[in-house]
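One-letter residues, chain by chain:
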Amino acid sequence: MAKPFQLRLLTPYQSLFEGDVDAVIVPGEHGEFGVLAMHTKFVTTLEPGVLRYVKDGQTVRFAVSGGFAEVHQSDVTVLADSMERPQDIDTARARESRDRAQKELEKRSSMEPRQVHRWEDRLARAENRLKLAK
Amino acid sequence: MATLKQIQKRIAAVKSTQQITKAMKMVAAAKFRKAQEVVIQARPFSRELMSTLGRLAAIHTEVREHPLVVRRESVEKEDLFVITSDRGLCGSFNSNVLRAVEHYLLDRQDRRDSIFLSTIGKKGHRYFKRQQVNIRQDVDDLLDNPIYSRAVELAEDLAERYTSGEVDRVTLVFNEFRSAVQQIVVFRTLLPLEPPEAGEGDEFVDYVYEPDKTTLLDHLVRRYLANQIFMNILESVASEHGARMTAMENATDNATEMIQDLTLVYNKARQATITRELMDIVGGAEAQQK
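Chains as they are written, first to last, in the working numbering: chain A, 1 to 134; chain B, 135 to 424.
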């Protein structure tokens, strides 16, 4: 059994979780990475994706939309721009956001690169939410 | 002297106004509590972000030399972000901010053309539309339901403006929350960004960085800017509901006082009428006896 360590999941809206877990898997810049206790000190940015932690053999999943994570030897802190449990995802809003972004991106050739980037980000966030909500 | 009927009508009018102010006070109180809760919920995130950046700023010069942190020698062009409310009836909440901005512009009359206003909140937007000022944008989707990703986008816009040299300074003007009865207008410089200081007793350990150190520190600096915008908006919203609650409480108290005064006038007038009628009767009776 893995040694438990402290995990904190924070968003600008609330603290979602604080407690001991056995492992956590985070959607990092270079793909997903897993953290067990005594991991090396480490900071990474997050991509839209699924964050999972394992506690007492149970896996709990969250949709994450970006942010960063800080790993110390005995604790991990995730500062996400937003994070939701699958049951808390507002699918109607996510679908609306996805459709809007897809529609805007049809005109990408006439848009500034920054604008395109922004809609792509929104699309990625919405799709990530919908994927987990299903 | 007003007739009895007129006084009665006024009392009824004040009473119905009082009912409205009382209801508005209750609504504002509920919203105030909620807004305060939102601020409290947002604090752990904000604190952690600050402490991480503070620690990294202490060991990496990249933070101090970041394009968003470096100060310009002279400020010529600047952005003012003015946070007001969408709705009125909140005492001097909006007028205090608007007046402070007016003073700021007056003091810089010589370079007034190089100051660009952006508004968050309908009240400020409506006010400045009628003034001789440069309005850059109205951010109309952050007050009602503050979404962090919108604050991030706004921060990206500002960062772009600052790094490209379009502006040399970005300042936020808003009501800082002191208590439900006290809000203070503050000018907070967003850019150049002031990186947080490391806390006492912080451990300065270096990390492994993903994707790489420069990208990560840049990400943190930008998120810190977004977080400042987000937190200050939340604070202004809490201030607004506090100000409205206080304003409506005062209005309700004033109405009570007014009703008391009017009731007194009404009773006096009634008394006077009765006295007059009695005099008439007594006078009539005496005349008959003679």
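One or more of the hints may lead you astray.
Claimed, not checked - Not close to chain A: a few residues of chain B, all C-beta gaps over 12 Å, as computed: (1) M158; (2) S180; (3) H259; (4) Y261; (5) D278; (6) P345; (7) N361; (8) L368; (9) L398; (10) A419.
What the hints assert, rightly or not - Sample of chain A residues at the chain B side, in silico, Cβ under 8 Å: (11) Q6; (12) E29; (13) S109; (14) M111; (15) R114; (16) Q115.
Just so you know, these hints were derived from the structure itself, not from any lab. Everything numeric in this text was worked out from a predicted model, so none of it was measured. Heads up, the beta-carbon is just placed ideally off N, CA and C, and yes, glycines get one too.
*Broken hints, numbered, in rising order?*
Hints 2, 6, 7, 8, 11, 13, 14 and 16 contradicted; others consistent.
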